[in-house]
Each structure stands twice: as C-alpha cells, then as structure tokens.
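Novice: For this one, chain L is given, so just place chain U on it according to the hints.
Chains as they are written, first to last, in my numbering: chain L, 1 to 112; chain U, 1001 to 1116.
These are calculated hints, taken from the structure and not from any lab test. You may find that some hints are simply not true.
Straight-line Cα separation of at most 30 Å, DSS-like style, residue types lysine-lysine; simulated pairs [unchecked claim]:
#1 L:K70 x U:K1038
#2 L:K36 x U:K1009
#3 L:K57 x U:K1041
#4 L:K59 x L:K36
#5 U:K1022 x L:K36
#6 U:K1041 x L:K59
#7 U:K1009 x U:K1041
#8 L:K36 x U:K1041
#9 L:K56 x U:K1041
#10 U:K1040 x L:K36
#11 L:K51 x L:K70
#12 U:K1053 x U:K1019
#13 U:K1040 x L:K57
#14 L:K36 x L:K70
#15 U:K1038 x L:K36
#16 U:K1041 x L:K70
#17 U:K1040 x L:K70
#18 U:K1040 x L:K56
#19 U:K1053 x U:K1009
Computed beta-carbon distance windows for the label pairs [claimed, not checked]:
#20 U:A1039 x L:K59: 27 to 33 Å
#21 L:N111 x U:S1055: 42 to 48 Å
#22 U:S1065 x L:T81: 37 to 43 Å
#23 L:D18 x U:T1016: 48 to 54 Å
Because the structure is a prediction, the values reported are computed rather than measured. In this text, a Cβ means the ideal position worked out from N, Cα and C, and glycines have one as well.
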Amino acid sequence: GQQVMQIPQYQHVQEGEDFTTYCNSSTTLSNIQWYKQRPGGHPVFLIQLVKSGEVKKQKRLTFQFGEAKKNSSLHITATQTTDVGTYFCAGPAWTSGSRLTFGEGTQLTVNP
Amino acid sequence: DTEVTQTPKHLVMGMTNKKSLKCEQHMGHRAMYWYKQKAKKPPELMFVYSYEKLSINESVPSRFSPECPNSSLLNLHLHALQPEDSALYLCASSQQGASWSGNTIYFGEGSWLTVV
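One chain only, chain U, in its complex shape:
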C-alpha cells in the first residue's frame, strides 16, 4: 500500500470548470512532486516542492497551479483545462530535499483526470 494518498481517484471536468487534486503524505518527506502520465508513456515531471517551496516548474501551462499548504499536503488546482490534459496525475514524495540526487520517489496511486 502506498503511503502517498491522492484524492479524488477519478475526476471528470468540463473545460470551464475549476477543480483541485489533493495529495497527502505522513512520512516526513521533504520534497513533493506532481507528475503527469499519458497512456503507455513514462511519468513526466511537472512541479517539485522542496521544504514547502516551489523549486522546479517544468514550464507547465498556468492552467495548472500547484500549492503546498504544509509539509504533508500538496494540491494541484486546475482551471480551463483542455481535452489533451486528460491523463493520470501522480503525486509523489521523497525523503530528502529535491537537490539531493539520491532520492527515490514514492508515488501515490494517482488521479485519473478526464477533460470533456
């Protein structure tokens, strides 16, 4: 069982909707991540928070807005998405801050997003 919890597991939203994906970890990990995964492709990094501060934004469109309210929580706010944004959105965490290359990544079960 994963110790990174994501809600909701499935989300269908219209292109004018505003919704949020939520993620929680209680392992005391210092970095948290959002990845996007399309079918039959590897996970694609979107954002990294290290010690609750945004450290990496992989040139993600502004219709995706991350938020880290505290060291255990990570949100991804969604607004005016396009059908091509439909994908599995994976939250993840790692023990040390994002600058440490020895980190291994613990993924949540993901949120399946469909934009209609």
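Excised from the complex, chain L in its bound form:
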C-alpha cells in the first residue's frame, strides 16, 4: 500500500533559525496537504498543493510540491516560538479518494 515518509522526526532550533521538513510518497499523489498540530491540540489544515512543481507561500512558510508529485517540503524562515508543533504531510493516492495517508510528522521545538 501507499507509504508516506517524513523526515526528520524531530527538529530543535533556536528562535530565528530556519527549519525544513521533507515528505516522500511511495506513489504519485493527486495532491499533498500539510497540517500543523500544536502540543495538546488537534491537526489544523495549512495548505494544499495540486500542481506538479507548485510553490506556495504563507508569510514565513514556503511549501513545494515535486515535479513527479511524489515529494514535498515545508520550509519555515526565521522560526518563532509560535511555530512549535508537529507538522504532518498527507496525501491521497489517485484512486483512494479522501483516504489520506499521513506522514509520521516532524516535531519542531523552538528555543527562545
């Protein structure tokens, strides 16, 4: 079945440093989605990428979708303490409808 690998599992940064998490799927995805879960909270939808090679920005966050639609990345510039949480990528295979396969997540901690 479809697998989505996400690295790194944990990342500790000093406030102001940059952060990147990477996501790789074993199968081609129709789209890739990113979610953020704060400690003790619930996953919150951040963004969806649909097109091959697509790049989207949300303030300090930059999201990319690979040309082959099998990999993606999330880059945060100049991290802040509010960025703390676990970032999950998720994607449906072409035939799986809304059945998302989630990556294991990257847990980000930011030291002030």
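Specialist: Quick look at chain U alone, frame taken from chain L:
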C-alpha cells in the same frame, strides 16, 4: 476556532461501560470522519461517512460503532473497550463526498479517551 464540535472533551470509562462520542458540523460538509490518534503518531483513519452513508470502515473492531443520524451529526458508540484503545479521537469533515481526492480535512478538537 474549529467549526467541528466534539463532546465530551475528556472521557474516562471502564472496560464494561458503554459510552458515546459526539460530533457536529454546520458547514454543510458532505463527508464526516472518525480518526484515532495515539501520542506522537499521525491520525489513523477509522470510519468515513459520505452523504450520510458509511463508505469506509478501516477494519475497526466491532467494539467501535459509528452512527450518522443526519448530515450534521456523527457519533461513535463505545462498548467493552480495552486500555489500549485510550487515545485522542478526532472527528473531521470535508466539503465534498469522500470519493473526491481534492478534499481537505477539517478536524475537531478531539475527545481524549482513557479506558481503565
């Protein structure tokens, strides 16, 4: 603030108890989901209702029984659970039916379940 509302936020139940988790959304979404999440793990899909009909059951044990009374409500009935079923149970919804791969998922705040 989430527009998917879940009750209760916390639940402690014994292994012989029967309890229910409730979920409500008023966004007119056509699909509703139950996910289970263990600590430091991603959400794990349990059930999907699409247009009020059960469309996906991810081989969940029968001690979990979903119910969709109408397009806005989703319940999860719990009976004879085991301690290993302790987890965060997340309800979610999406705008279109479950067969559409473009759906994005809107999660509720979850119900923290402890089985003793």
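Novice: It remains to establish, for every hint, whether it holds in the given structure.
Specialist: The hints, checked one at a time:
1. L:K70 x U:K1038: holds, 26 Å
2. L:K36 x U:K1009: holds, 20 Å
3. L:K57 x U:K1041: holds, 27 Å
4. L:K59 x L:K36: holds, 15 Å
5. U:K1022 x L:K36: Holds - the C-alpha atoms of L:K36 and U:K1022 are around 23 Å apart, at most 30 Å.
6. U:K1041 x L:K59: This hinted pair holds, its Cα atoms lying about 27 Å apart.
7. U:K1009 x U:K1041: holds, 19 Å
8. L:K36 x U:K1041: holds, 13 Å
9. L:K56 x U:K1041: Holds: L:K56 and U:K1041 sit about 26 Å apart, inside 30 Å.
10. U:K1040 x L:K36: Distance of about 13 Å is within 30 Å: holds.
11. L:K51 x L:K70: OK: L:K51 and L:K70 at ~11 Å, within 30 Å.
12. U:K1053 x U:K1019: At roughly 22 Å apart (the allowed maximum being 30 Å), U:K1019 and U:K1053 satisfy the hint.
13. U:K1040 x L:K57: Holds. U:K1040 to L:K57 sits at ~27 Å (cutoff 30 Å).
14. L:K36 x L:K70: Holds, at roughly 20 Å.
15. U:K1038 x L:K36: holds, 16 Å
16. U:K1041 x L:K70: Holds, at roughly 22 Å.
17. U:K1040 x L:K70: holds, 24 Å
18. U:K1040 x L:K56: Given that 30 Å is the threshold and the Cα spacing comes to 27 Å, the pair holds.
19. U:K1053 x U:K1009: With Cα atoms ~26 Å apart, U:K1053 and U:K1009 stay inside 30 Å; holds.
20. U:A1039 x L:K59: 27 to 33 Å: holds, 29 Å
21. L:N111 x U:S1055: 42 to 48 Å: About 45 Å separates the Cβ atoms of L:N111 and U:S1055, which means 42 to 48 Å holds.
22. U:S1065 x L:T81: 37 to 43 Å: About 42 Å separates the Cβ atoms of U:S1065 and L:T81, which means 37 to 43 Å holds.
23. L:D18 x U:T1016: 48 to 54 Å: Distance hint for L:D18, U:T1016 holds at roughly 52 Å.
Comparing the model with each numbered hint stated earlier shows that all of them hold.
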